[in-house]
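**Q** Sequence:
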Amino acid sequence: MTTKARLLAVTIDCPEPKKLAAFYHEITGWEIQYSEDEYAAIGDGTNSIYFGRVLDRKPVVWPSPDKQFHLDFRVPDVERAVAEYVALGATKPEFQPGVTADGVGWIVLQDPAGHLFCVCPEKS
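What the sequence shown shows, in the UniProt record's numbering, is residues 1 to 124, in sequence order.
These are calculated hints, taken from the structure and not from any lab test.
One or more of the hints may lead you astray.
Lysine-lysine pairs mimicking DSSO-like chemistry, simulated, CA-CA at most 30 angstroms apart [claimed, not checked]: (1) K67 / K92; (2) K67 / K4; (3) K123 / K92; (4) K18 / K58; (5) K67 / K18; (6) K58 / K19; (7) K92 / K58; (8) K19 / K67; (9) K92 / K18; (10) K19 / K92; (11) K123 / K67.
The model shown is predicted, which means the values in this text are computed figures rather than measured ones.
Hey, can you work out the whole structure from these sequences and the hints?
**A** Right under this line is the structure:
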């Protein structure tokens, strides 16, 4: 039988860990657990996101096959959340695969370091 592992955290490479931790702290409300130039962390007591400094990391172009991961977040009002997150430093790529003709779906954003994340509606 294989030893089962519990996920400790997801670590995201970025040029400015403190800045990215502050951004995700704002959109999740998770506590900033650690914040230094080389490393930062946020968490809610169960889940954590770590941020490690990689100065020459280059953001992916969206859409492209270079995307390695993305985060998904549920919110009660997608349009409002997108506006708030853009005001905090996120960008909204032109290509949006999750939006239907009636505007229902999710919105793809890029955080200030260029990582993709989706803003998804609450389950109905």
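**Q** Hints numbered earlier in the text: which of these fail when held up against the supplied structure?
**A** Going through the list in order, the structure violates no hint and respects every one.
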